[in-house]
Amino acid sequence: MQLKRKFETGEFAILAEMEPPKGVDVSTMVTNARRVKGNVDAFVVPEMSNAVMRMSSLGGAVILQKEGMEAVSQLNCRDRNRIAIQADLLAAYGCGITSVMAVTGEEPGYGDHHQARSVYDIDLLELLRATQALQEGKDMAGIELAGAPRFLVGSTVDAGAKGKSPELVIEEMNQKVDAGATFFVTPPLFDLAAIQPFIQRVDLGKIKIIPTVLLLKSLGMARYIQRNVEHVDIPDALLKRIQKSPDKVRECLRIASEMAKTLQQEGFGGVLLATIGWEHKLPEIIERM
Amino acid sequence: MIVADRKPVEEIIEEVKDHDKILILGCNECVTVCEAGGKKEVAVLASVLRMHFLNQGQTVRIDERTLQRQCDHEYLEEVRDIIDQYNAVVSLACGVGVQFMAEKYHATPVYPGVNTVFMGVTEERGLWTERCQGCGECILARTGGICPISRCAKRVLNGPCGGSTKGSCEIHKDVVCAWQLIVERLKALDRFDDYEKLSALKDWSTDRAGGPRKVVREDLQDESKDT
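Here the protein sequences come in this chain order: A and B.
Numbering-wise, the numbering used here puts 109 at position 109 of the first sequence, and it's gapless, one number per residue.
Counting from 1 along the second sequence, just add 289 to a position and that's the residue number in the numbering used here.
Among these hints, one or two may not hold up.
[Said to hold, decoys possible] So the derived list for chain B, only partly shown, Cβ under 8 Å to chain A, looks like this:
#: 1; residue: Ser488
#: 2; residue: Trp493
#: 3; residue: Asp496
#: 4; residue: Ala498
#: 5; residue: Gly500
#: 6; residue: Pro501
#: 7; residue: Val504
#: 8; residue: Glu507
[Unchecked claim] Non-contacting residues of chain B with respect to chain A, defined by C-beta distances greater than 10 Å in every case (computed):
#: 9; residue: Asp307
#: 10; residue: Lys328
#: 11; residue: Glu413
#: 12; residue: Lys491
#: 13; residue: Gln510
The set of hints was computed from the structure by calculation and includes no laboratory data.
Backbone N, C-alpha and C fix where the C-beta goes; we use that ideal spot for every residue, glycine too.
So that you can see chain A by itself, here it is in the shape it has in the complex (with noise of 0.2 Å):
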């Protein structure tokens, strides 16, 4: 309810990414998550980003809220049809889960489980239009439910993408406030400039925009990035940085700390700090904001 309560209250929500365990052991999971456990409004859960088999967000939201932090469970397309993904939104606000995200999810072939054969029986929009009808009490069959939930719902938007117009972006980003989105990531922001077309043209008052910070880990991660993630953009100057920094790690920390600084003075609803396994590193991000 924190998350909610900042959203309409305005202030900047701290958001990090925690992925849950590939097995059943969540220590790691949870000891991440407690260190930074009064700084952090809410950790969202992904479910299975990149296709890669784990604990679902689901299981993981819980066990998180089950330790007395927020969680933020995601739903994708992409493994579940339209009687699971209902019937996985039921489970997740009778388990106390109130905020959710709705995602398209990864082809299988970006993941570990290349053969498996994808569901995408409902769309993103039909997605949050069916989480929409449960929490007016029906579901997509429209058949009354015996109480209905109420989530705070999120989901993504391309804005500050490479190569993405924002108009399109917006477009897209308004069907999904049609369909009951009232907050949305973005993937990750190395520089603020590339966010401005579309931010121009937003109220981020009434839509909460959440920009991905992104840990970078080293100088080559950068260099991937910026060769390989088509719709991410990472400055040269932003290379250089990195580069002549004597401590690469620290200096990417820094870096980090400093984007989420900058989105919280520029009136943005939040961040998302995603630290793709260095959640132990989330302490020294916050810490420096």
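Since the structure of chain A is provided, determine the placement of chain B on it from the hints.
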């Protein structure tokens, strides 16, 4: 063959209502065999549309043409000289033909005149049933020539699922249990021992799971370049 079914005429009228020069384009292959989009169906649809527009008091030119195929460049080229005379095409080919036509004649709207349903057979005139889903990894050698992917409601590979009754599928008594057929066929082939062999985990990456598919034959491509 690819089996298609006729689209409701109201839907076609809705598609073309704002056009006044319409070409109804049939296909002489699969859709002719399943009596959904051949020369005869082109004539029927053209008549219905003419009557409709006449009743509406609209002057609409509706022409008929049927190509040998709509999934090959050479046949689609046959309408290049006349395509500019029309501001809409209703293609009665399968979805493949509609798309290839649209790709070729970029500036002319091409509307589908049939619903493409499946790859199947003519059991009898007026009855077509599904046989193949194009999964990209044919397992018919193991299943006695009967496909559990296309014919079993649950696509189970080590069936039956336990829901069948007297050889009928649990979804409907008119649907034959594919695994019942497989068992009977393996027995007839004296290969019932094969039924005990567990099927390997299905690789769906050759199906649509790996995204849109293509078949590349470099030997044939090279041959074409040489000639």
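A quick look at each hint next to the structure:
no.: 1; hint: Ser488; verdict: 13 Å, violated
no.: 2; hint: Trp493; verdict: 4 Å, holds
no.: 3; hint: Asp496; verdict: 6 Å, holds
no.: 4; hint: Ala498; verdict: 5 Å, holds
no.: 5; hint: Gly500; verdict: 6 Å, holds
no.: 6; hint: Pro501; verdict: 11 Å, violated
no.: 7; hint: Val504; verdict: 18 Å, violated
no.: 8; hint: Glu507; verdict: 23 Å, violated
no.: 9; hint: Asp307; verdict: 24 Å, holds
no.: 10; hint: Lys328; verdict: 38 Å, holds
no.: 11; hint: Glu413; verdict: 33 Å, holds
no.: 12; hint: Lys491; verdict: 7 Å, violated
no.: 13; hint: Gln510; verdict: 25 Å, holds
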